[in-house]
Each structure stands twice: as structure tokens, then as C-alpha cells.
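**Student:** Now for the letters of each chain:
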Amino acid sequence: AQSVAQPEDQVNVAEGNPLTVKCTYSVSGNPYLFWYVQYPNRGLQFLLKYITGDNLVKGSYGFEAEFNKSQTSFHLKKPSALVSDSALYFCAVESRDDYKLSFGAGTTVTVRA
Amino acid sequence: DGGITQSPKYLFRKEGQNVTLSCEQNLNHDAMYWYRQDPGQGLRLIYYSQIVNDFQKGDIAEGYSVSREKKESFPLTVTSAQKNPTAFYLCASSMSDYSNQPQHFGDGTRLSIL
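Quick note, the sequences are listed as chains A and B, same order.
The opening residue of the first sequence carries number 1 in my numbering; numbering runs sequentially from there.
The opening residue of the second sequence carries number 114 in my numbering; numbering runs sequentially from there.
Hints may be right or wrong, so weigh each one.
Stated by the list, open to error - When the alpha-carbon atoms are kept at most 25 Å apart in a straight line, the in silico PhoX-like pairs for lysine-lysine are as follows: (1) LYS100(A) / LYS184(B); (2) LYS196(B) / LYS122(B); (3) LYS100(A) / LYS183(B); (4) LYS170(B) / LYS100(A).
Stated by the list, open to error - Selected chain A positions facing chain B (Cβ under 7 Å, derived; list incomplete): (5) TYR32; (6) ARG42; (7) GLY43; (8) PHE46; (9) LYS49; (10) ILE51; (11) GLY104; (12) ALA105.
Hints were generated in silico from the structure; no laboratory data involved.
Fair warning: this is a prediction, and the values are worked out from it, not measured in the lab.
Think of the CB as a built atom: it goes at the ideal place given N, C-alpha and C, for glycine as much as any other residue.
Bound-form chain A, shown alone:
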């Protein structure tokens, strides 16, 4: 069975500073990896995905993520955070065995002005 860990419940950064949200995963075989963002009382919005190829994936709103197979990690990054990036972020892994998504518990990001 696959699983996802987001080791930080909360991440706090100042506007303009780099933002990193950590994610590690466990899955048999090669994974599909996703990041989603959720604003209060809204559904999840897709940010980016890793399927294969280049380990650095670029997504929406200036976000990117780096896939590291040896460390089984898929950390989300943004070079310069904005106050509007404050939200709940979810990492998810999809197994190529059953194509089901497993979500991490989420990381709340707060960007202070």
C-alpha cells in the first residue's frame, strides 16, 4: 500500500522569502506524484505533477517541485512567497498498480507580510 508523509503541519515564511513544503512517499514501483492547494472552504486545486523525465517539475503560480527517487521525496518549492500563497497544501501519490490517490495530511502555509 502506498502512503504519503508531510512532516510539517505548519510552515511560516516572510513574504519574498523562499518557501519549501516537504513530502515523502512510499509506494511500490514508480509513482505518479501530485501537489494540490486548498483555500478555506474550497476544493483542492491542482498545482503540478511528476510522471517521468526531468526531476524538476514546474507548475502553476510559480511553484515547482523536485522529485528525488533515492530519498523518496517530492518537495514543493517557490523562490519568492506571496501573502496570497497562504493556504493548505497536499501532496498525493498515485500507484501505478491500482491508480488510486493517497493524500498526505496537509501542510498549512502562512506567509506574513
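Got chain A sorted already, so can you dock chain B onto it with the hints?
**Tutor:** Quick look at chain B alone, frame taken from chain A:
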């Protein structure tokens, strides 16, 4: 605009009552999903459907039921057997269950107990 519409936004259930949450999509997606979100637990899969008139149980199906009579619609019924139904319920869809396509989400229904 294409998207997923969930209704109602807020719903209250009395003891012993069944309630139905609506989910409609106009994205022409084959696969649809229901998730339950509780604080600090991420999303857990309740039911999913890959095609009309077919659906499968997810990780926490007990106390819930679904139907998929139309491609566009995937309603979820929270039955009286679900003893802890208070949660935020999210519906999603994707082009296909057997793919790496991202899921598109509705804005959720918040269910509470009266």
C-alpha cells in the same frame, strides 16, 4: 465554464436520517470520486466510479452509498449507519481512473449533525 458543482454547501443531519450530497460535472470526465476530509487527516476515499452504472468502495465506504446513473452525476448518500458523519465532503472527477491525469475538485459540502 466547465467544472464540478457540489450542493448544498452546508447540510445538517438529524439522528437516524439519511442525507444525499449532490455532485455534477460538465467536464465529460469518465471517473468520479468522493472523499471525506477531516482536520489533520488529509482526504480519504469513500467511493469511486470509473464508468456509468459501475462504482467501487474506497477506504471508508461503510455508512455511505452512491449511484452513477449518468456520466455527469455521482450523488453520495450518508446513511444513518454512519455514526460520525460530521466532515467536509469533496467530489472530484478525472478523465480516466486508469491514468495519471489530475483530479478536478468541487468546492465541497460541509455536513454537520443537529
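**Student:** If a hint holds in the structure, say so; if it doesn't, say that too.
**Tutor:** Evaluation of the provided hints:
1. Of the supplied pair hints, the one linking LYS100(A) and LYS184(B) holds, its CA atoms being roughly 20 Å apart against a limit of 25 Å.
2. Our distance criterion of 25 Å between C-alpha atoms is met by LYS196(B) and LYS122(B), whose separation comes to about 21 Å.
3. The suggested pairing of LYS100(A) with LYS183(B) holds, with an alpha-carbon distance near 22 Å, which does not exceed 25 Å.
4. A hinted pair counts as satisfied when its Cα atoms are at most 25 Å apart, and LYS170(B) with LYS100(A) qualifies at roughly 12 Å.
5. Given the 7 Å rule on beta carbons, the hint for TYR32(A) holds: about 4 Å separates it from the nearest Cβ of chain B.
6. With a cut of 7 Å, the hint placing ARG42(A) at the interface with chain B holds, because the nearest CB-to-CB distance is about 5 Å.
7. The beta carbon of GLY43(A) is positioned within 7 Å of a beta carbon in chain B (closest approach about 3 Å), and the interface hint is therefore held.
8. The interface hint given for PHE46(A) is met, as the beta carbon of that residue sits about 4 Å from the closest beta carbon of chain B, less than 7 Å.
9. Look at LYS49(A): its Cβ gets to within about 6 Å of chain B, closer than 7 Å, so that hint holds up.
10. Residue-level restraint check for ILE51(A) holds (minimum Cβ-Cβ distance to chain B is 5 Å; threshold 7 Å).
11. Restraint check, GLY104(A) versus chain B: the minimum CB separation of about 6 Å is within 7 Å; hint holds.
12. For ALA105(A), the suggested interface contact is upheld, since its CB lies about 5 Å from the closest CB of chain B, less than 7 Å.
Comparing the model with each numbered hint stated earlier shows that all of them hold.
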